[in-house]
Amino acid sequence: MKFSLGPSLFFWPKNEVVDFYQQAKESSADVIYLGETVCSKRRELRAKDWLGLAQDVAQDTNKQVVVSTMTLLESPAEIQVLKRLCDNGEFLVEANDLSAVQIMHELKMPFVAGPAINCYNLSTLKVLLKQGMTRWLMPVELSGDWLKILLEQATEAGIRQQFECEVFSWGYLPLAYSARCFTARSEDKAKDDCEYCCIKYPEGRRMNSREGERVFVLNGIQTLSGYQYNLINEMPALDAMGVDIARISADSTEAFTQLDNFREQLVNPTRKELDGVTECNGFWHKIAGMSVA
Amino acid sequence: MELLCPAGNLPALKTAIDNGADAVYIGLKDDTNARHFAGLNFNDGKLAKAADYVHQRGKKLHVAINTFAHAGGEERWQKAVDNAVAIGTDALIIADLGVLDYAATKYPDVERHVSVQASTTNLEAIKFFKNNFDVQRVVLPRVLSVQQVRQLAKSSPVPLEVFAFGSLCIMAEGRCYLSSYMTGESPNTVGACSPAKYVRWQETDKGLESRLNGVLIDRYQEDENAGYPTLCKGRFEVDNNVYHALEEPTSLNTLELIPDLIAMGIVSVKIEGRQRSPAYVEQVAKTWRMALDRYQQNPENFAVEGAWMNTLANLSEGSQTTLGAYHRKWQ
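For the record, the sequence lines run as chains A and B.
Using our numbering, the letters of the first sequence map in sequence onto residues 1 to 293.
Using our numbering, the letters of the second sequence map in sequence onto residues 1 to 331.
Because the hints were derived from the structure by calculation, they are not lab data.
Heads up, a few of these hints could be off.
FRET-style restraints, in silico, Cβ to Cβ [said to hold, decoys possible]:
| id | chain 1 | residue 1 | chain 2 | residue 2 | range |
| --- | --- | --- | --- | --- | --- |
| 1 | A | T270 | B | G73 | 46 to 54 Å |
| 2 | A | T61 | B | A86 | 41 to 49 Å |
| 3 | A | G89 | B | R150 | 48 to 56 Å |
| 4 | A | N62 | B | E75 | 51 to 59 Å |
| 5 | B | D205 | A | V277 | 21 to 29 Å |
| 6 | A | D188 | B | G265 | 33 to 41 Å |
| 7 | A | R46 | B | A313 | 21 to 29 Å |
| 8 | B | A313 | A | E152 | 48 to 56 Å |
In this text, a Cβ means the ideal position worked out from N, Cα and C, and glycines have one as well.
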């Protein structure tokens, strides 16, 4: 099994992004995703900067670099940027909206179906394979049982070899997308006048219950889980069912440590107790996502 | 512009038609639709009766099969399509790509509408559905501004339907796992958001508390109206500030956009609320019918009546309404 570093979901200053990917280049990740997936107003790096960064990271390594694209696209201007990224001529693209699937299909180029593409069953896998999908990220709310059935069905249908399967395994879970910017709202600003305030919150803004429970993390128009998802104890199970890649989300530089921990877990499995106050693994076990099984 | 009303049962369906709906949308009695609630929806017998009632009056029936088919359980969704076609549905409302593929292949002549749950917000995504499944309509999620809807309507190769009134989903529909994160059940997988079986109410010293699967969603003082604890409409704390961090209890109401929507060529306005009572359906259908007719009779002098707004506000969450994302300031 390989390990990937997911795209960073937060808004960081350009120099910090560059630093982060220098570290990523030195990390144990086999696959590195990069690109803006949340908000088109975040322009510390523009399309050409992301592609330049992708080239830097890809140079002199055998890591695979993948360009991740936006999830909620609402305007022709956003589609123009998307097209530019899709037609980069060099890197595999992670589609997070069906618009990107459409564009990649027209370009006759392979793509990764990201976690925001709703692929829940065999028929949908077949539809996406026909479009050119070569790798599938399971939607984060699905369980290990669900995945097992689906991968077995894919094998029976003779299509399992046509795609890699990747599972979101560590980090704040991307749970929802809205027209509204919740970070701007938290500062009593409108989205059109947001002053890019999410740059002040490199790990998002915590939204707790009035009893102090970490419920969600606000990240612009995206809502993340309040707890970090952690499938470290499930790594042997993922490996056994034929998952090709486990994704470690780029929440912070902690991701690099986690990449090492997760890799070690495959070699030398040792059970790690999740604390249930900052970590969760419920989705995988078919219970409330925020729970620990 | 078609007035498309919800119905969770036969009385609501009849009420909708009798009060001016041009079409009604319904769901089957299982987890194949996004309002899978106890006591709601149509079994096979009721489905046939619904179709008869609607068709005898020259109106249309849409069947929503708009959850995502389970791995190993796809037959249930395919059977739902078969059943809807068998009773002569005028349109299938589908979100899952696999189910759309099945419907397009097996029943090419039955209209397919892309459900709001498919989260189609731009031209390229619309093209995807047009090219692959030859869909006849796309229902837009409640995340676009009026300007964005107008722009899309100009270029879309497929007619568009928009939400006009009802409970306001503030997230891009079909891309929200908040409910399953808190309860294990989501609109995509089981057809329910913030399911009632996880709701607990408790009187405490601090006030009346509402919880969803144990998580405190809101706490009300005596002078406050308590609402259903939909998890995105509670009061939470961000850096010691307690407020409706995501959204207030409120409903969408777009009566004032009628002239705009008609000018853009929107083909249908959809009323939310298959889980609501026949009384709700009656009031909303009647009010919207009146407003649409008034516009048709005299477009230049169309003005929204205060009485219409009051009627709709009284049927709304928290007795308040909003233009939601249609109005950029809301965003």
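Here is what the structure says about each hint:
no.	hint	verdict
1	T270(A) - G73(B): 46 to 54 Å	36 Å, violated
2	T61(A) - A86(B): 41 to 49 Å	58 Å, violated
3	G89(A) - R150(B): 48 to 56 Å	34 Å, violated
4	N62(A) - E75(B): 51 to 59 Å	44 Å, violated
5	D205(B) - V277(A): 21 to 29 Å	25 Å, holds
6	D188(A) - G265(B): 33 to 41 Å	37 Å, holds
7	R46(A) - A313(B): 21 to 29 Å	44 Å, violated
8	A313(B) - E152(A): 48 to 56 Å	52 Å, holds
Going through the hint list in order, the structure does not satisfy hints 1, 2, 3, 4 and 7.
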